[in-house]
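Novice: So the chains spell out like this:
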Amino acid sequence: MAGKPVLHYFNARGRMECIRWLLAAAGVEFEEKFIQSPEDLEKLKKDGNLMFDQVPMVEIDGMKLAQTRAILNYIATKYDLYGKDMKERALIDMYSEGILDLTEMIGQLVLCPPDQREAKTALAKDRTKNRYLPAFEKVLKSHGQDYLVGNRLTRVDIHLLEVLLYVEEFDASLLTPFPLLKAFKSRISSLPNVKKFLQPGSQRKPPMDAKQIQEARKAFKIQ
Amino acid sequence: MAGKPVLHHFNARGRMECIRWLLAAAGVEFEEKFIQSPEDLEKLKKDGNLMFDQVPMVEIDGMKLAQTRAILNYIATKYDLYGKDMKERALIDMYSEGILDLTEMIGQLVLCPPDQREAKTALAKDRTKNRYLPAFEKVLKSHGQDYLVGNRLTRVDIHLLEVLLYVEEFDASLLTPFPLLKAFKSRISSLPNVKKFLQPGSQRKPPMDAKQIQEARKAFKIQ
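Order-wise, the sequence lines are chains A and B. So the number in the numbering used here is just where the residue sits in the first sequence, counting from 1, plus 12. So the number in the numbering used here is just where the residue sits in the second sequence, counting from 1, plus 1162.
Hints in this document: simulated from the structure, not taken from any laboratory. Check the hints yourself; a few may be wrong.
[What the hints assert, rightly or not] Here are some chain A residues pointing at chain B (derived, C-beta under 10 Å):
| id | residue |
| --- | --- |
| 1 | Phe-64 |
| 2 | Glu-71 |
| 3 | Thr-80 |
| 4 | Lys-90 |
| 5 | Lys-99 |
| 6 | Ala-102 |
| 7 | Tyr-107 |
| 8 | Glu-109 |
| 9 | Gly-110 |
| 10 | Leu-114 |
| 11 | Glu-149 |
| 12 | Val-151 |
| 13 | Leu-152 |
| 14 | Asn-163 |
| 15 | Lys-197 |
The beta-carbon is built from N, C-alpha and C at its ideal position, and this holds for glycine as well.
Could you build the full structure based on these sequences and the hints that come with them?
Specialist: Written out as structure tokens, the structure is:
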């Protein structure tokens, strides 16, 4: 297929980071066009490039694809990271949805109004420790394999590694009771394409602090 | 495959309604086990039937599938409602995600605290009128076909019909400027399986009012 995928988003994690992770893990080089001003975003909209006036948008194979999940599903299918059959795919989707929920729960804390932060942080820690991490520890224990589904690398392994790193940034002690998840994190981090993405200088994005996000939202008039 | 799918959820629309719609449109009979007390939900959790302690959950083909999108993706794949190739699937996913966002935006209004309702309602009307409905009117205009993707019925046609009915319940005048969407609504409503689901006595669920939802959430201690 012609050319590298082109990713349109802010120079930040947001809803594009899981896409960057998946492309990197698949060994796919990609180009990024950062939205750096309200005029940049307005131009994308006016030119009819954003189906619902929203980013992320990825130009790939002649399509201008919006919606994070649609983009992830396409990349996973194209690069054979979506399981070998319908049932494996169903498990991959179920696990991936749980991971996206957890990612969103942690990711939104940085935007939380101060009067809600303590309660929201406590809820996020509880859910991480008592719902999500136990669920995936149990999957790994139940089959004793290196990957979550089908004994080979799929998208959900990449999504889980990504969120485990966010959990670690959030509160590293949350991972302590989960030895299989810690081993999983080391194992997937060591895969060549992933290892490269984890190096400085890759297209992986650092966390933003609340002030940076507030400034960005103000500039772009995002609610 | 053995037996009918079994759907576990409250006796309400919520995140199961789009699944009911898709099964009905595919002509698949299903059984429902309603959660009617906190003990019912607790038992599902304790028995390890809910991967992330959440419903909806659908028992299908030996799996206990959670997460609305994972369930929808599986049903659409199984019943050949997911397009003929990877690119059609990508469009279906992009359109479906937009529809799910709109469904959630409208669906959440009934739960909205009174001091936010006016602003949230205005935002939902604006997004419906200026973002989502124009986007789908444009798709229909661009190819002039009866269905959104690939000139045959796919899941996204069912999702769009479902949300158009919610838009109508919300504010019927919002549909007035969109003749192709109105024609689409009539056309898809007339398909035999859909027509049957629209009849009284089907497994389609009515809207709940705020009081009913508040009572249900109180009973189940849902935040």
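Novice: Can you list which hints this structure breaks, lowest number first?
Specialist: The structure conflicts with hints 2, 11, 13, 14 and 15, although it agrees with all the remaining ones.
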